[in-house]
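Q: Chain by chain, the residues run as shown.
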Amino acid sequence: MQQDALILELQNGNERAFERIYHLYSESTYGIIYSIIRDEKIAEEVLQDVFLKIWDKAPSYSNDKGRFFTWILNIARNASIDKIRSKDFKNDRQNLKTDHFVDILETKTNFSEAVDSIGLKKYIDALKPVCKQLIDYLFFKGYTQKETSEELDMPLGTVKTRNRICIDKLRAMVIK
Amino acid sequence: MDIQKYISSGILELYVYGALSEKESREVSCVLKEYPEVKAEVEEIEKALLTLSAATAPNNAEHLIDSIKEKLGASSLRPAPKTTPLRTINWITYSGWAASLLLLIGLFVFFNRTNELREDLNAANARNVQMEEQIAKAREDAEKAEELLAVIRDRNVKRIPLEGQQIAPEAFASVYWNTKENTAYIDAKELPEPPRGKVYQVWSLTMQPLAPTSIGLLENFEADDNKVFSLENQNQSEAFGITLEPEGGSETPTMDQLYVLGTVAAP
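Quick note, the sequences are listed as chains U and C, same order.
Counting in our numbering, the first sequence runs from 5 upward without gaps.
Counting in our numbering, the second sequence runs from 19 upward without gaps.
Please keep in mind that the hints were generated in silico from the structure rather than gathered at the bench.
Fair warning: there could be bad hints in the mix.
What the hints assert, rightly or not - SDA-like cross-link-like pairs, simulated, lysine to any residue; straight-line CA separation at most 20 Å: (1) C/41 - U/151; (2) U/57 - C/89; (3) U/173 - C/41.
Unchecked claim - Looking from chain C toward chain U, a few residues come up when the C-beta cut is under 8 Å (computed): (4) 76; (5) 79; (6) 87; (7) 210; (8) 213; (9) 217.
Just so it is clear, CB atoms sit at the ideal spot from N, CA and C, and this is done for glycine as well.
Using the sequences and the hints, build the whole thing.
A: Here it is in structure tokens:
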């Protein structure tokens, strides 16, 4: 309910509500953007654009359609993909297919307080490769269930149930 | 609905990812509002994913908030939320109506003006046609007059004046007889208009013995402007006479209806 009220205030153009939303979602959004763009400076630019869009388009959000977080996720993924496809984005790593979120975690040293860095890192290391791939496609890259099933050569139903098991393990780790 | 089965199906994870179709997402949203345990499950999934993605951020992004807030004001996509929306709507509504009304008036005026112009154009076109007809007629008349002039100037033409007789002393006519072309031109300008159902008939006469031969009728007398009629005459005429006869003409002249008569002068 508290969350709903906050979103309503944002939709009414309340800047304080915007600040709260930013505080709640900016780091995760930044993580999504960075996992696609892999350039800190450009990811920062895109993050700013994404939050301006969130401000502009907030009135069009409805919880009938889905979660507010999911709505932000879509904006962030689309903005990032638009960016790497744009002419001014000349990045050699553009075609690195093997890139996924795990190698960001492995090379990262400065985790913020919100994340139990050591535990998470340990856990991610322990994740099965198939879980890493499923989460990367479905969550970070925004693939549909069907696209993921084709990409991993895995039946549609299996994608759904396997992913459930992977997220269960993640939750056990994150939410104590 | 078996909620535990629903939760363990894995659909809620896909829902949070945004991997479901719009229709499927709406369905899950409905279930979410109905079952608190589903909502709790979704919130936990979401929290796990928020934490995971936050972990992939290079650093925390709090320092960017000020520069973003500066741009919020400049953002033009969002309608200014502080102004009272009722006024804005009214103003837009009124100006919309006003614009519609102006447009309507404009269209009406334009429509009327167009109609006027169209009528003017039609009238001008009609006048044009009339003028053209008149010019054509004048040209035709001039040609006829020239023809007539040529007829009476011809050296082979004899002019025979026909004088008014008892029934119409004021009447008068002339025959221009081209003996070479065997054509008689009857100038009947001074004959009175024939009454309805009657027609003038022209006769060629020989005197010894007196014998009339019809050479033709002066048809469409009223309609003919110059009242000059051209008839064929191969007779050795000694005189010409014109009588009024019933429509279609007669075998022999009705002598008490003899209007004009004139003899051909001996050569």
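Q: The structure should be examined with respect to each hint, and the outcome stated for every one.
A: Consistency of the hints with the structure:
For the proposed pair residue 41 of chain C and residue 151 of chain U, the alpha carbon gap of about 18 Å is at most 20 Å, so the pair holds. Distance check on the hinted pair: residue 57 of chain U and residue 89 of chain C sit about 11 Å apart at the alpha-carbon level, within 20 Å; holds. Simply put, residue 173 of chain U and residue 41 of chain C have alpha-carbon atoms about 29 Å apart, too far for the 20 Å limit, and the pair is violated. With its C-beta approaching chain U no nearer than about 5 Å, residue 76 of chain C sits inside the 8 Å limit, and its interface hint holds.
Below 8 Å, beta-carbon pairs count as interface contacts, and residue 79 of chain C has one with chain U at about 4 Å; its hint therefore holds. For residue 87 of chain C, the suggested interface contact is upheld, since its CB lies about 7 Å from the closest CB of chain U, less than 8 Å. About 99 Å separates the beta-carbon of residue 210 of chain C from the nearest beta-carbon of chain U, more than 8 Å, and the hint is not met. Interface restraint check: residue 213 of chain C against chain U, minimum CB-CB distance 96 Å, threshold 8 Å, status violated.
Interface hint status for residue 217 of chain C: violated, as the beta-carbon distance to the closest one in chain U is roughly 96 Å, over 8 Å.
Hint compliance for this structure: hints 3, 7, 8 and 9 are broken, all remaining hints hold.
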